[in-house]
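Here the protein sequences come in this chain order: A and B.
Numbers 1 to 294, taken from the working numbering, label the letters of the first sequence in order.
Numbers 1 to 223, taken from the working numbering, label the letters of the second sequence in order.
Hints are computed from structural coordinates only; laboratory data are not their basis.
Careful: at least some of the hints might be erroneous.
Label-pair ranges, simulated between beta-carbon atoms [as the list claims (entries may be wrong)]:
no., chain 1, residue 1, chain 2, residue 2, range
1, A, S87, B, A124, 15 to 25 Å
2, B, I105, A, N39, 55 to 65 Å
3, A, E88, B, I194, 41 to 51 Å
4, A, E88, B, G5, 44 to 54 Å
Computed from a prediction, not measured in an experiment: that's the story for all the values here.
For glycine and all other residues, C-beta sits at the position ideal for the given N, C-alpha and C.
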Amino acid sequence: MNFDISMEEVNVTYRKSEALKDIDLILPAAKIYGLIGRNGAGKSTLLSVLASFRRPTSGNITIGGADPYENEILMSHISFSYEKDYSEETRSIRAMMKSTKKFRPYFDTTYAEELVERFGLPAKKPMKKLSKGMQSIATVIIGLASRAPITIFDESYSGMDAPAREIFYEEILKDFERHPRTFILSTHLVSEMDHLFEEVIFLHEGKVILRDSTDHAIERGVFVTGRKENVHQWMEGKHAGEEKRYGPTVTTFALHTPSQEDKKHAAQLGLELSSASLQDLFIHMTKEGPSHEQ
Amino acid sequence: MNNKGNVAKEISSMHFQWAGWLLGILLMIYAIFKWGILPIYLGGETFFHFAYEPARIFSLVIGIISGGTMFSPFVRLGTTRKSTYAGNIIAAFTITACLAITISIISAAESFLLGSGGFPEPWALAILTLFVHIFINYMAGWMITAGYLRFGGIGMTVFILTALAITIFSDGLLNIDADTSPSFLPDTLAYRGIIAIFAGSVLLAVLIWIGRRTTAHMPIKIK
């Protein structure tokens, strides 16, 4: 079965507000994607329509050429994990695993048990009695062990503490190697997770403003440091970010991929060009003000 | 993967636990007040008469709970709305049939072993009436919470009023006591029963159709 995802002019409107605007995306299968956006950018809505939790207001979504909405086979192959409220859940993680196995064709109980042990989760305790962090761990264990060909995590790990998140990141990479499949990880913890992503999608105010391989995306931004007038001269015609002063020198972020000529010019002006991180790029592209659509 | 069957099994396992409690408590109360140290009138000749009303109220309550909690979780697990709804209906059919049959068996055993009271006649119609009646109540309850999840507060108000009208109508229609059956039904008891069950089944079909229309494109909330 083919699990390539295609979205064409997908729009979602809630009453009068547009949550998604003309989303066009093609996501080939078996890659780890990072879906990055600020709060309210539309990440959860995008993932909801992909998982058939809701229908888009307009536009088409296909997976392997077929519409996943109300498609018995495709829906069972998409696992969507998010931060759930377990305050009324009396079952234990083990009981939930047993129940999930009935609906997820590739659910691996042995792997789930391994994860329960690795994360140190009490397997018999009712979910509602677990801490918030422990509940998040239970969510990701079920999501990982489902081994769905399209596995989506929508910030379901944000309640976990740093060591637990680290184990989660390791498990994603290990399990991806053993069972290659499409992972979509939605987050705003960019600096912590950027090493996981093969490709990134920046979503801002309901629009895709960037979709690229992580390596290429990072090359889209650069920090320029030097004397103020020289920095300003080099920056002419380029998208500039916030300027930071350190005595006579300044550092500015440029939303620009420097060419050989740019690099030469910078050297002539005594400027230092240093590479930006994915987080820097994300911050500068999604700052208040005009959108920096690429 | 038989998702309809899996949904039905998951829901039924919950329903059976709750129904076990209901029947246990009813039997205990019946034993104490009918045969025990405090013989008082319990509103009927047999266990069948005694359990009829509680079974009806119970099915309304578990319908309300099931409509609110046993739809979205299965769609979240990758089951289509259509299969989830079918699974819900199978589970509703199973629990209402089991309740009607169990109540009837207890009542028959009471009559056979203790010789007390008697079974409503004709007995097959009485069992069928109980089944259709509690199924209608279950679906009315189910519709209320499904309406709330689909359309919000206003939807719930409309669905509560609709459910109320349906249950009042079905209470009048499906009455095992012939003396209080609606006057527009024919005089013969069997005819009355058959017509009432037929009308009740049509009502049930309408409720099942409303449930399907309500959930056919229900968005699944994620927070």
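Evaluation of the provided hints:
1. S87/A with A124/B: 15 to 25 Å: The hinted range 15 to 25 Å is violated for S87/A and A124/B, with Cβ atoms some 46 Å apart.
2. I105/B with N39/A: 55 to 65 Å: Since I105/B and N39/A have Cβ atoms about 58 Å apart, the given range 55 to 65 Å holds.
3. E88/A with I194/B: 41 to 51 Å: For I194/B against E88/A, whose Cβ atoms are near 44 Å apart, the range 41 to 51 Å holds.
4. E88/A with G5/B: 44 to 54 Å: violated, 26 Å
Violated hints, listed in ascending order, are 1 and 4; each of the other numbered hints is respected by the structure.
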